[in-house]
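Chemist: Residue numbers (my numbering), protein chains in the order written: chain E, 1 to 263; chain S, 1 to 300.
If you are wondering where the hints come from, they were derived from the structure by calculation, not from laboratory data.
We put the CB at the ideal spot given by N, CA and C, even for glycine.
A portion of the hints provided could be inaccurate.
Said to hold, decoys possible - From the derived model, a few chain E residues whose C-beta atoms are all more than 10 Å from chain S: (1) L23; (2) R35; (3) A65; (4) R113; (5) P213; (6) W242.
Stated by the list, open to error - To be clear about the criterion: a stretch of chain S counts as covered by chain E if any three or more of its residues have a C-beta under 8 Å from a C-beta of chain E, and this derived list gives those stretches: (7) 58 to 68; (8) 151 to 162; (9) 195 to 205; (10) 254 to 268; (11) 277 to 291.
Claimed, not checked - Rough simulated footprint, nothing fancy, chain S against chain E, three-plus residues with beta-carbon under 8 Å: (12) 99 to 107; (13) 137 to 148; (14) 177 to 185; (15) 216 to 230.
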Amino acid sequence: MTRRTIGSWAVMTLGVLYFFLPLLATFEFSLRYRRGVYSFEAYRIVLGDPRFHETFLYSTLLALATIVVGVLLVVPTAYWIQLRLPRLRPTVEFITLLPLVIPAIVLVFGYLRIYNSSSILPMTANDRTTDLLLMFSYVTLAMPYMYRAVDAGLRAIDVRTLTEAAQSLGASWGTILLRVILPNVQVAVLSGAFLTFAIVIGEFTMASLLDRPAFGPYLQLIGANRAYEPAALAVITFAITWGCMALIQVLGRRAPGKTAGAH
Amino acid sequence: MSQTASAPTSPPIASGAPPRRFTWELLGVLPFFLFAFFFLILPTTFLIVGGFQDAEGRFTLGNIRDLSHPTILKAYWISIQVSTASAIGGAVIGFFLAYAAISGGLPRWVRPTLMTFSGVASNFAGVPLAFAFLATLGRTGLVTVLLVSLFDFNIYRTGFNLLSFWGLALTYMYFQIPLMVLIMAPAIDGLRREWREAASNLGGSAVDYWRYIALPVLWPTLLGTTLLLFANAFGAIATAYALTGSSLNIITILLYAQIRGDVLHNQNLGYALALGMILITGLSNTAYIVLRSRSERWLK
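Whole structure, please, built from the sequences with the hints as guidance.
Modeler: Structure (C-alpha cells):
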C-alpha cells in the first residue's frame, strides 16, 4: 500500500515537472528581453504591435462567427436527430467525427482546389468570401467538439416532453428551438463555444494556407523572426486557453443534468 | 402535468410516422448534410479521385507509384516514427498518470485537478507549444541553461536537439499525455475493486491481477487510444512548422510546401500525398473505433 502510494507520488511529480517546467520556462524566457534584468518589455512590445491588435481582432471575430454558425448548424440537427430521426444518429455521429480523422491540412487542400478562383464556386476570389471559407473551415474543425457537447446536453433533458409541451401551447418550431430547447442546453452550448474559441484563436494551418491575416500565422511569423516576443505571446495564448477551459469547468458544475436531475 | 396535457394533443409526435412525412422529416437535417457534403465529403473525394488521375484527368496509377520517390517515402517514414514515438510515450506516461491519480492512494483532490489540467493541456498545441519548448529545451532555454550551470551538463553535447526527431516527439507528448489521461480515466474507473479482491482471495499476487484481469480488460482501450494518439500526431503541422521550420521533413510539412508552391512539380502527386495521409489516419481511427467497441464489453 505505501509502496504504491510512493510510486504514485513519483509518477505525479514527474508529470508535474514535465507539464509545469515548460510553462515556467516560457514565462521566465518572456521576461529576459532586457539583458541581465527581468522586465515585461517583451509584453509591452507585443501588446503595442498594431499587427497583434489586427490579427487578434480578426481571429476573435472569426471565432465568434464560427460559434454562431456552428451552433445554428449543430443544435437543430442534434435536436432533430434526438426527436425524430434516431435511426440517422450513427451516420451523423460518424460525420461529425470525420474532422478528427481527416487532417486539417488535407481538408484545406481540398477547399483550395474546389473553391479556387477558377472553379464554379470561387470562394477564394476575394477576401470577404475567403473569410467565409475560413469560417466554414473552422466550423468543420470545431464540429466534433460542438456536436458532442450539444448532444450530451440534449440527452440530459427530456427533449420529447419539452417539445410536446411547447407544441400543445401552440409554439412554432422556431420558437421551440430558440425559446425552449436552446435555454435548456445553454451550458452545453457555451462549453462547446469556449472550446471552439480556444481552437480557433491560434489556429495556424488553415488561416495560413488561405492566406488570411489571422492570429496563428502572426504567431508563426513572430516566432520565426524574434527572440523573446514569442514567449510572451505563448504566455498570453496559454492564458486565453486556460481561461476558456476554466469557464467550461465552472459551467459544467451548473449543468442541469448534474444538479436538477432531469430523469 | 406537461405529460398529461401533451399526450393527446400532439399528433406530430405520434410514433410510427406515415411514409409521406418521410421526406419532410429528413428536411430537418438537410443543412447539416449539405454542409458535410461541401466541406467534408466533396473536398476529400476530390483529392482521392485526383490521386488517381493525371494532369489531363485520365485514370492512372502513376501518382501512387510516384509516392515511392525517396523524398516522399522518407517524409512518410519520419512522420510515422515521430507519431509512433509520441503516441507510445504519451500512452505509457498518460496511463501511469491516470492510474496513479485514480487508484494510487493519492489525496482526493489530485484526480479532479489532473483532469482539469488535462482538458487545458490537450488543447495547448500549435505554434505557442513550440515557443514553450524552445524556451525550455532550446539552446538558451531555461532547463538547458540550468542543467549547464547546476550540473555542468549540456544536453546539446549528448547529441540532443530540440529541432529534431526526439525534440518533436517530446514536444508532441505535451498534448498526447493529457489526451491519454482523459480517455483512460473512465476505463480505469471501470476496473472494479471486487476483481482485485477476488484475485487476492484466490491467492493471486498483484502481478497475477494485472496479467489475468486488469490488462485483458484494459488492452483494447490502451491499444485503441495509442492508435488515436498516433493519428492525432500524424496530422499535426503547426507545432512542427513553428519548431523546426522546414528542416525536419515530415509529411505534413511536405504537403504544406506542395500546397504553397507545387514543390513536387505535379499537382496530382500532391493529391496522392493527401490520399496516403487519409489512408493512414483513417485506418488507425477505424482500428480505434473497433477496439473501443470491444472494450465496452467489460467497461461500462
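Chemist: It remains to establish, for every hint, whether it holds in the given structure.
Modeler: Hints, verified against the model:
no. : hint       : verdict
1   : L23        : 7 Å, violated
2   : R35        : 12 Å, holds
3   : A65        : 15 Å, holds
4   : R113       : 6 Å, violated
5   : P213       : 15 Å, holds
6   : W242       : 5 Å, violated
7   : 58 to 68   : violated (count 0)
8   : 151 to 162 : violated (count 0)
9   : 195 to 205 : violated (count 0)
10  : 254 to 268 : holds (count 4)
11  : 277 to 291 : holds (count 5)
12  : 99 to 107  : holds (count 9)
13  : 137 to 148 : holds (count 3)
14  : 177 to 185 : violated (count 0)
15  : 216 to 230 : holds (count 6)
Checked against the numbered hints above, the structure violates hints 1, 4, 6, 7, 8, 9, 14; every other hint is satisfied.
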